[in-house]
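A.B. asks: Sequence:
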Amino acid sequence: MDVPRILDAISSPADLKVLDNEELAILAREIRQEIVATTSVTGGHVASSLGAVDIIVALESLLDMPRDRVVFDVGHQCYCHKILTGRAERMTTLRKMGGLSGFPKPEESDHDAFIAGHASNSVSVAVGMARARTLQKQDYQVIALIGDGALTGGLAYEGLSNAGRSSDRLIVVLNDNRMSISKNVGFVARHLATLRSRPRYVRFRMGISSLIAHIPLIGKAIQRFIVWVKSRLKNAMYHSSTLFEEMGFYYLGPVDGHNLHDLTASLQTAKNLSRPVLLHVETVKGKGYGFAAQNPDTYHGVSGFDIETGKTPPSSKSFSSTMADGLCRLAQEDLRICAITAAMKSGTCLTKFAERFPVRFFDVGIAEEHAVTFASGLATGGMLPVFAVYSTFLQRCYDQILNDTSIMNNHIVLAVDRAGIVPDDGETHQGVFDVPFLTTIPHVTIYSPSTFAELDISLKQALYDAAGIAVVRYPKGGELPGCEGFQPDYKPYTHLKNGKARILLMTYGRLFSYALIAARELSEEGMPVSLLKLTRIWPLPEECVAIAAEYDWVFFFEEGSRQGGIGQHLQSRLLESGFRGEFRLKAIDGFLPACSVSAGFRRTGLDVDGMIEAVREAEGHEQPA
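Just so you know, we're using my numbering here: the sequence shown kicks off at 1 and counts up by one.
Derived by calculation from the structure, the hints in this document are not laboratory data. Here a beta-carbon is modelled for each residue, glycine too, at the ideal position from N, C-alpha and C. Treat the hints with care, since some could be wrong.
No farther apart than 25 Å at their CA atoms in a straight line, the calculated lysine-lysine pairs in the BS3-like style are these [as the list claims (entries may be wrong)]:
| no. | residue 1 | residue 2 |
| --- | --- | --- |
| 1 | K311 | K96 |
| 2 | K17 | K271 |
| 3 | K271 | K317 |
Pair by pair, the computed Cβ-Cβ distance ranges are [to be verified]:
| no. | residue 1 | residue 2 | range |
| --- | --- | --- | --- |
| 4 | G578 | A467 | 28 to 34 Å |
| 5 | E484 | E107 | 40 to 46 Å |
| 6 | S572 | G86 | 46 to 52 Å |
| 7 | K311 | D552 | 53 to 59 Å |
| 8 | N403 | E245 | 30 to 36 Å |
| 9 | N403 | K137 | 40 to 46 Å |
Can you make the complete structure from the sequences, with help from the hints?
C.D. replies: What follows is the structure, encoded as structure tokens:
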């Protein structure tokens, strides 16, 4: 006879109130099993979600949700939270179009306090929420759940500094798993390691604090006095305070993040303090599933895996690996070439570079702004720095690209990974906004290759032919079918003219594959079209404007934002040139939700069918029977 799962009786955090610590521990195990079973099919962020299960169970068993607010940092670890807040049955739709988001999303549930796709912002958000609560004379808890990796981001310290100076009641739970995606680096990692060496003192302090707090009538007053005495005792014992205490926090920890008894006791103590509190919790990334615990990098984000063997789908050649391999070949010959990553060594495929050229490889942690300015400093010193970064994370760096690099006219290369539609992660991770903001900055050259071979050429040009800030942008995954036999060259564009065609299809990047197929099918229907593919998309080659102006119809297809994209720039230039033909632009409007790449192309009309339909509609042709 099967024993009923505790999980099956949980529909909201309120159901946790009747469970003791032993039952909560059983529930945590069941949730881990559910996460592993679900993500083995749907894919997702496995290791981080498994590591945070006990923290989330403890938090939501003590809090009054959704009245109390939990602000996730990044949100990779939120799967347990979704399961506990009435979404367990929908977990099979995780990261699918129309399904559950892989991150907290307020429009999805009242229990999701704030959307969380990028690191280091949770404390700032929580400080704002806590201040709003105070101003409106309301009474609820505000908790920021932040990982140790996010503490390499500058925004985290801006939030912590502001929080520590305030008198607002706030709890910051630091989930210390000693990793972001790649291994943590820098001062903070070393500081946390020092804090981990003080468990005896911490256990004593927390035990006494909790005991005193429960003394009737006078317990809270005595506890506040003990806080004052504690600071003197600590200084006498250790001759220094923690970084967080210097910022104004009451520091608790480190606490075993997988011991629900200690977790709930620590959280209760934090709730009783009417001041900013930082609870330092130690966890193991991938806890409960051996393969994920042993290989947290591999299981940070996976597309699925075999539960029994832990095997993930074999990785095939991709634009990311092609860029990294090409960079290694060039670095072998040029000792000036350096590679930089922001805690994404494996994600950007720079592991081989790090192994072959360790002295010229730099992982700066989750600190993209610093990475750009650091690269500019390297360039000032005569090096050739290449910063490999996801498009969505490059958005953080506008100020540093403009003020620390462009004004200096320093030569750096931005290898912009995940440019265009990115599968599964949704609005926060779509790489569709880099072109609009980069084209506003002087001394920027942007390449968008269509094939692996073209990527190799573009990387060389970015390093040795371009001046200032050279950008090479490429998508996640591999080439699209349709480019077989296409031979790239070093020209900034390719014009494939079809006789006396009056219709021109223009595009760049991987959409060229679809445009080739669409052009062929349209020509077979009796509508001959020519193709104009940009490889250097910015500055726009003057010749391309002149070529486009010769056609009656120009259709521009862009895997990026319509507003401020290359299509709008081209349209403006065509009008300036006296173009009297018709211009049509297909691009992405607004935010794109979680979806597969193919679904994203269909949704935006950027697939082959969408291109063909755009031409048919404009020309007044009906679809053949």
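A.B. asks: Now, for every hint given, state plainly whether the structure supports it.
C.D. replies: Results for each hint:
no.: 1; hint: K311 / K96; result: 22 Å, holds
no.: 2; hint: K17 / K271; result: 16 Å, holds
no.: 3; hint: K271 / K317; result: 50 Å, violated
no.: 4; hint: G578 / A467: 28 to 34 Å; result: 31 Å, holds
no.: 5; hint: E484 / E107: 40 to 46 Å; result: 43 Å, holds
no.: 6; hint: S572 / G86: 46 to 52 Å; result: 49 Å, holds
no.: 7; hint: K311 / D552: 53 to 59 Å; result: 55 Å, holds
no.: 8; hint: N403 / E245: 30 to 36 Å; result: 34 Å, holds
no.: 9; hint: N403 / K137: 40 to 46 Å; result: 42 Å, holds
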